[in-house]
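Enquirer: As you go down the protein sequences, you meet chains A and B in turn.
Each residue of the first sequence is one higher than the last, beginning at 1 in the working numbering.
Each residue of the second sequence is one higher than the last, beginning at 1 in the working numbering.
Just so you know, these hints were derived from the structure itself, not from any lab.
In this text the structure is predicted, and so the values were computed from the model without any measurement.
Hints are all accurate, no fakes.
Output of the computed footprint for chain B on chain A, the stretches with three or more beta carbons under 8 angstroms from beta carbons of chain B:
| no. | region |
| --- | --- |
| 1 | 192 to 202 |
| 2 | 275 to 288 |
Here are a few chain B residues that face chain A, going by a calculated C-beta distance under 8 angstroms:
| no. | residue |
| --- | --- |
| 3 | Ile206 |
| 4 | Leu213 |
| 5 | Arg244 |
| 6 | Leu255 |
| 7 | Ala277 |
| 8 | Val284 |
Heads up, simulated EDC-like pairs for lysine to aspartate or glutamate below, C-alpha to C-alpha not over 16 angstroms straight-line:
| no. | chain 1 | residue 1 | chain 2 | residue 2 |
| --- | --- | --- | --- | --- |
| 9 | A | Lys168 | A | Asp12 |
| 10 | A | Lys292 | B | Asp211 |
| 11 | B | Lys168 | B | Asp12 |
| 12 | A | Lys33 | A | Asp12 |
| 13 | B | Lys292 | A | Asp211 |
| 14 | B | Lys289 | A | Glu136 |
| 15 | B | Lys33 | B | Asp60 |
| 16 | A | Lys289 | B | Asp211 |
| 17 | A | Lys33 | A | Asp60 |
| 18 | A | Lys292 | B | Glu136 |
| 19 | B | Lys33 | B | Glu8 |
| 20 | B | Lys33 | B | Glu146 |
| 21 | A | Lys292 | B | Asp231 |
| 22 | B | Lys292 | A | Glu136 |
| 23 | A | Lys289 | B | Asp231 |
| 24 | B | Lys33 | B | Asp12 |
| 25 | B | Lys289 | A | Asp212 |
| 26 | B | Lys289 | A | Asp231 |
| 27 | A | Lys289 | B | Asp212 |
| 28 | A | Lys289 | B | Glu136 |
| 29 | B | Lys292 | A | Asp231 |
| 30 | A | Lys168 | A | Asp74 |
| 31 | B | Lys289 | A | Asp211 |
We put the CB at the ideal spot given by N, CA and C, even for glycine.
Protein chains: 2
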Amino acid sequence: MSEMLDQEPLFDRLALIGVGLIGSSLARIARAKGTLARRVVVNARTAETLDRARVLDLADEYESDPARAVEGADCVILCAPVGAYAALAARIGPHLAPGAILTDVGSTKQSVVRDVGPFVPEGVHFIPGHPMAGTEFSGPDAGFVELFQNRWCLLTPVAGSDPAAIAKLKLFWQRCGAMVSVMDAAHHDRVVAIVSHLPHLIAFTICGTADDLADETRQEVLQFAASGFRDFTRIAASDPVMWRDIFLNNREALLEMLARFTEDAQAMARAVRWGDAGYIEDKVLRGRKIRKELLDLNQA
Amino acid sequence: MSEMLDQEPLFDRLALIGVGLIGSSLARIARAKGTLARRVVVNARTAETLDRARVLDLADEYESDPARAVEGADCVILCAPVGAYAALAARIGPHLAPGAILTDVGSTKQSVVRDVGPFVPEGVHFIPGHPMAGTEFSGPDAGFVELFQNRWCLLTPVAGSDPAAIAKLKLFWQRCGAMVSVMDAAHHDRVVAIVSHLPHLIAFTICGTADDLADETRQEVLQFAASGFRDFTRIAASDPVMWRDIFLNNREALLEMLARFTEDAQAMARAVRWGDAGYIEDKVLRGRKIRKELLDLNQA
Numbered sequence: 001m002s003e004m005l006d007q008e009p010l011f012d013r014l015a016l017i018g019v020g021l022i023g024s025s026l027a028r029i030a031r032a033k034g035t036l037a038r039r040v041v042v043n044a045r046t047a048e049t050l051d052r053a054r055v056l057d058l059a060d061e062y063e064s065d066p067a068r069a070v071e072g073a074d075c076v077i078l079c080a081p082v083g084a085y086a087a088l089a090a091r092i093g094p095h096l097a098p099g100a101i102l103t104d105v106g107s108t109k110q111s112v113v114r115d116v117g118p119f120v121p122e123g124v125h126f127i128p129g130h131p132m133a134g135t136e137f138s139g140p141d142a143g144f145v146e147l148f149q150n151r152w153c154l155l156t157p158v159a160g161s162d163p164a165a166i167a168k169l170k171l172f173w174q175r176c177g178a179m180v181s182v183m184d185a186a187h188h189d190r191v192v193a194i195v196s197h198l199p200h201l202i203a204f205t206i207c208g209t210a211d212d213l214a215d216e217t218r219q220e221v222l223q224f225a226a227s228g229f230r231d232f233t234r235i236a237a238s239d240p241v242m243w244r245d246i247f248l249n250n251r252e253a254l255l256e257m258l259a260r261f262t263e264d265a266q267a268m269a270r271a272v273r274w275g276d277a278g279y280i281e282d283k284v285l286r287g288r289k290i291r292k293e294l295l296d297l298n299q300a
Numbered sequence: 001m002s003e004m005l006d007q008e009p010l011f012d013r014l015a016l017i018g019v020g021l022i023g024s025s026l027a028r029i030a031r032a033k034g035t036l037a038r039r040v041v042v043n044a045r046t047a048e049t050l051d052r053a054r055v056l057d058l059a060d061e062y063e064s065d066p067a068r069a070v071e072g073a074d075c076v077i078l079c080a081p082v083g084a085y086a087a088l089a090a091r092i093g094p095h096l097a098p099g100a101i102l103t104d105v106g107s108t109k110q111s112v113v114r115d116v117g118p119f120v121p122e123g124v125h126f127i128p129g130h131p132m133a134g135t136e137f138s139g140p141d142a143g144f145v146e147l148f149q150n151r152w153c154l155l156t157p158v159a160g161s162d163p164a165a166i167a168k169l170k171l172f173w174q175r176c177g178a179m180v181s182v183m184d185a186a187h188h189d190r191v192v193a194i195v196s197h198l199p200h201l202i203a204f205t206i207c208g209t210a211d212d213l214a215d216e217t218r219q220e221v222l223q224f225a226a227s228g229f230r231d232f233t234r235i236a237a238s239d240p241v242m243w244r245d246i247f248l249n250n251r252e253a254l255l256e257m258l259a260r261f262t263e264d265a266q267a268m269a270r271a272v273r274w275g276d277a278g279y280i281e282d283k284v285l286r287g288r289k290i291r292k293e294l295l296d297l298n299q300a
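All chains should be modelled from the sequences, with the hints used to inform the complete structure.
Expert: What follows is the structure, encoded as structure tokens:
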């Protein structure tokens, strides 16, 4: 694409369905850069959130009805928890404009194909997406323009998707600062199960385990929380509805990764019980090696 | 203690047995502040480490024999991996000066009482200690004077310890910037098993689980490592010998905490499998609550 075309907004009317951390970050980028869309309309589930978006001056239009929000939009992005997608898709499907791109930002992708796919009319380009960016904060106030900078956005187009529409959506995310990779939905779900969903499940769990113990030990667990535990609580301080929906919608991959992890943890427990020093040392060295590889990949 | 006494060095001769992250930080503080000891002697297991300490100008004396290092010292601090303590204690025991304080910085405390206790001569004050501070780096170059600032140091004196010696060691750590708490060794080992040792075991393990999977998925696991996994690798990038020794020397408490955690993780897996949304949401909320309590305690 030429330099001149780079200056043109990619879309005429961008509809953001949901305006939490991700949605409000996209709205802010659209307002700040002008190269994503000529107009931005935001929709939120509650009047309170929509009012807040208005106070923050995030968009050109504020629409309480998702069906009206998508009317005439040439790009529609679902930015709600993935558990809400089926109902949203049923509501907006008949109102999607021919030729529009319909995408999303959810952390599970096979569930999105399952829940949204049946409601996509002929002529609408349905390309599920997942920007791998987030913080421990949520809501319209949490967004910021740098959120996607140098982060991956994974696109999982269904078979037979229009290459031009995929290229356009890829450019959209690149203009948001992200790096883009295309893969199939099943592969995506396995990769994120191990790099993101299982770590979150573990973090939520150990916080509960520690909290039970804290009741026995008069708050000392929290008082003396060492660096190990502090990092876990940072991960654990996430949005309950979003994570509930992610776990329930990536069930098979998550349970498989948890089973693999549990086998490995039990092998470590056995090494600790029987004093297998070599085994333990080897596992710690492996952690260091992976850390180094991550640093080399400039992801840390 | 009066202002004037605060200016006096606490000890005449401080012997640091081991000069890694913790030992070299203590040496640096002693040199920088002048209120810990009049002279500092360091000992290291290898000639290479001792030479490095000399190049860094960390101490007044460098001694390759731990028995000679402790001679005439009124404070001796074991700063080696806890697995080395039994042999070290056997070597230095006969050379400890009457009235000296013998302490350590290891992350397990019942094992220290077991391994060091039998070698402590009559008249030497044996007070195990554990400064809860560390980074992902190790060795004499890794130390810095701010390491203990606002971190907890836990002391686990054995029954019948001299209160004056405990008070003096407490002041030592306070002058290093730490907050000090006194508890019994068994209680200490349970608390650190959940706040530090189990999180590390989990982090080492999940890195291995992911690494196995990365072989299958052509590096994508590392490439797309989301924030969840990145935090785990930061924990996992630790010293293999130190952590091997910690796991082997806090065996019972660590295995109990892992068993508790595994029960809780299996309960979460069951909720995911059967779609128990309320259970999952409750656990995520609990993680947030603990995070908030930690922040309130000014530990995060």
